[in-house]
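J.: If you read the sequences in order, they're chains A and B. Residue numbering for the first sequence follows this note's numbering, beginning at 1 and increasing consecutively. Residue numbering for the second sequence follows this note's numbering, beginning at 1 and increasing consecutively.
Hints listed in this document are in silico derivations from the structure and should not be mistaken for laboratory results. Some hints could be false.
[Unchecked claim] For lysine to any residue, the following SDA-like pairs were computed, each having C-alpha atoms within a straight-line distance of at most 25 Å: (1) B/K160 to B/K195; (2) B/K234 to A/L89; (3) B/K24 to A/L89; (4) A/K192 to B/K160; (5) A/K85 to B/G141; (6) B/K195 to A/L93; (7) B/K223 to A/Q191; (8) B/K331 to B/K417; (9) B/K196 to A/L89.
Okay, here's what each chain looks like letter by letter:
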Amino acid sequence: MFGFLLRRFAVLIPTFIGVSIIAFSFIRLLPGDPVALLSGERVMSPERHAQISAQLGLDRPVVIQYFDYLGGVVTGDFGSSIVSKTPILDQFLALFPATVELSLCAIILAVLIGIPAGVIAAIKRGSIFDQSLMGIALVGYSMPIFWWGLLLIILFSGILQWTPVSGRISLMFFFPPVTGFMLIDSLLSGQKGAFMSALSHLALPSIVLATIPLAVIARQTRSAMLEVLSEDYVRTARAKGLSPFRVVGIHALRNAMIPVITTIGLQIGVMLAGAILTETIFSWPGIGKWMVDSVFRRDYPVIQGGLLLIAAIIMFVNLIVDLLYGLINPRIRH
Amino acid sequence: MKHKLVLAAALLSATFFASAASAKTFVYCSEGSPEGFDPGMYTAGTTFDASAHPIYSRLMEFKPGTTEAEAGLAESYEVNEDGTVYTFKLRPGVKFHTTEFFTPSRELNADDVVFSLERQINAEHPWNQYVAGTSWEYAAGMGFPELIKSIEKVDDMTVKITLNRPEAPFLANLAMPFASIVSKEYADKLEAEGKKEQLNQMPVGTGPFSFVGYQQDAVIRYKKNADYWGGAPKIDDLVFAITTDAAVRYQKLKAGECHLMPFPNAADVEAMRSDESLTILEQEGLNVAYLAYNTTQAPFDKVEVRKALNKAINKRAIVDAVFQGMATPAKNPIPPTMWSYNDAVEEDEYDLEAAKKMLQDAGVENLSMKIWAMPVSRPYMLNARRAAEIIQDDFAKIGVDVEIVSYEWAEYLDRSKAKDRDGAVMLGWTGDNGDPDNFLDTLLGCNAVGGNNRAQWCNEEFNELVTKAKTISDQDERAKLYEQAQVVFKREAPWATIDHSLSIVPMRKEVTGFVQSPLGDFTFENVDIAE
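Could you build all of it, start to finish, from the sequences and the hints given here?
T.: Given below as structure tokens:
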């Protein structure tokens with residue numbers, strides 16, 4: 001097991017270096033001069049241009065810039081935003097809980113609905129339930145998040161007025177963040193109605209963000225389940241006279257879960273990408289929205305640092321999934 | 001789940017209306033997060049709306065709804081004979097905000113003014129680089145470091161600013177957000193505590209609202225400043241709910257989650273107009289889009305040729321196709337909301353036959369030219385290629401062959417400056433200080449040839465008028481010169497002016513007292529919510 005762990009870590013290092021090169025090159029590969037772009041129609045004097053280039057560190061050889069940057073990153077210094085002038089890591093840490101809260105809710109929703117739906121579809125293979133479920137899953141998977149989010153807002157917030165349009169909590173509640181998780185903070189605040197408000201704000205974005213993973217998980221569970229259900233040991237279990245619930249719930253599901261867990265792990269990456277759109281639509285102050293805003297503000301250090309941090313998280317999650325997978329399926333370790 | 005949501009919604013609306021009745025809270029669905037709260041460091045309107053306008057005041061202020069500067073924190077001012085020495089008498093009894101993090105011990109005085117401006121132009125000032133990487137973008141952009149010779153405190157309530165040369169737009173510049181007056185006492189306190197950067201995060205000013213708190217990318221909260229020198233605001237609390245997506249802002253406005261929003265989607269405007277719970281305001285923005293000929297190259301060095309081409313441009317068609325009506329055709333280089341706008345100037349009406357004849361009379365045949373179209377969408381021109389195609393189509397009808405060219409944006413800006421540029425370039429401008437000088441001299445003056453003056457047009461008569469207008473401090477006299485300059489401009493036609501885009505502001509019916517600013521600012525000191 002230890003050797004397996006070590007091998008996994010060893011792969012991470014070149015991957016991280018690769019990602020850092022991509023994140024670093026991003027701003028430099030953009031066509032045109034990033035400094036000139038900052039001033040737009042206004043003509044910038046050459047002195048001013050030189051001054052800003054120096055500020056951004058763009059006046060030095062690229063290789064030196066890169067190693068400087070990498071040196072900073074290793075020691076936890078991701079640089080500062082050229083716009084707000086605050087350290088990138090601080091901003092990231094302040095906004096990250098919002099994204100985690102949303103993603104967790106979404107993944108829980110996706111798992112709680114996706115797995116049972118996939119199992120039932122597999123058992124009732126070919127039935128109307130199965131066909132319509134897989135049809136819906138396909139639609140859900142292909143739905144552009146932006147459009148889907150707006151559609152839900154118009155229906156549930158606009159026409160039915162069941163949920164608030166956007167944000168994390170009603171503006172009437174005002175308390176300092178403790179954990180950064182609004183559901184917990186609203187309980188801690190002790191303000192009446194705060195928790196319900198946070199919950200109702202979380203509903204629509206969670207559904208939107210959960211849609212694609214839910215579809216994928218349901219489809220994956222169904223096919224894994226179908227495969228397992230045709231195995232000899234399932235037939236044996238049935239022949240032994242075990243209740244259908246035990247056969248499916250205990251014997252089959254457990255084995256079918258192996259590929260599903262990998263899928264769930266992979267969905268975390270998909271989710272961070274989805275969060276960028278979902279957070280923008282729902283004005284959810286997380287890292288996805290932060291990245292989008294930074295692109296619009298041409299805040300290159302933030303885009304660079306944010307990309308790297310997000311990539312690091314996805315890598316970390318994948319590592320955990322790999323380890324988990326190794327635990328469930330001993331054959332993988334070798 | 002459904003029941004819970006309904007319950008939550010009910011609870012929410014109950015709390016919303018309950019507190020709305022006791023304390024008036026005005027919610028503005030703003031379009032983005034502020035970059036910081038010290039306006040001098042920034043250039044974005046979004047930042048100014050969240051910092052300079054609610055929190056601070058300036059020596060001069062723009063009269064609501066106009067681009068005219070009037071005395072603000074300065075009770076009165078005097079300008080010497082040659083226009084180089086400005087003496088400001090400060091308004092007595094102006095209080096800085098008392099907040100949870102700062103209690104002022106004194107009222108506004110000359111120290112605050114000197115401190116606020118000096119730090120922006122003097123690189124040696126201890127507060128010039130109080131946050132690493134600070135650049136005083138606007139002060140530099142308006143030429144303050146070269147323009148201002150000295151800023152002196154004459155006595156506690158008098159400040160004298162000496163310029164290196166006469167510059168009439170200087171008063172308007174002082175009304176701009178970057179020239180906001182911060183508290184020196186607060187800055188001193190922060191310096192003593194070693195927390196200088198807080199000046200940009202927890203601001204203290206003399207404006208209509210005091211700062212309560214900011215949750216990054218989510219909410220900014222302000223409280224009414226009951227001691228505001230311009231009269232206490234009518235609302236108690238001001239909240240900015242940061243909502244970056246325009247369609248979502250609209251839904252929030254409809255649902256009553258906010259009272260007013262900026263920048264709607266063009267596609268939504270019609271539905272907004274038919275919504276009985278909303279009022280829609282509209283006004284020309286402080287901008288212009290233009291097509292600048294290279295007036296140094298044949299045959300575009302001939303006025304008749306430029307005039308003929310101008311008559312072949314269907315501005316109405318461009319405005320309809322590109323803006324879906326959210327713009328007006330432009331006849332002058334400055335927008336109609338700006339003082340000195342000359343409405344008497346006659347437009348070169350769209351007339352292909354006349355244009356064709358004018359070209360023939362000028363002896364131009366088989367003309368082929370390039371038109372540069374920006375690769376990006378700008379507020380004054382959403383789709384340059386589409387506009388260029390419409391022009392191309394019309395020019396073909398008068399026998400002029402057009403090739404549309406484009407470059408990557410930074411490249412485009414740079415190459416279009418070249419004096420020997422081949423072709424007419426499409427570009428535009430969004431004004432800074434509402435002063436005509438900021439359009440007419442900045443974009444068309446002889447000094448700007450090879451830079452902002454993309455027409456490479458140096459006309460003695462025009463240049464004399466706009467240069468002279470800089471040295472006069474009387475606004476009426478200046479207006480006369482600018483009106484004349486617009487006549488010369490139209491006669492000489494260095495550009496085809498294309499459009500001024502409209503700024504559209506949807507708000508709830510119950511909102512009163514909101515005045516649309518031609519400068520594009522969103523200010524709420526006079527708003528109220530009708531019961």
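J.: Please go over all the hints and tell whether each is borne out by the structure.
T.: Each hint tested on the structure:
no. : hint             : result
1   : B/K160 to B/K195 : 30 Å, violated
2   : B/K234 to A/L89  : 40 Å, violated
3   : B/K24 to A/L89   : 38 Å, violated
4   : A/K192 to B/K160 : 55 Å, violated
5   : A/K85 to B/G141  : 20 Å, holds
6   : B/K195 to A/L93  : 21 Å, holds
7   : B/K223 to A/Q191 : 21 Å, holds
8   : B/K331 to B/K417 : 23 Å, holds
9   : B/K196 to A/L89  : 20 Å, holds
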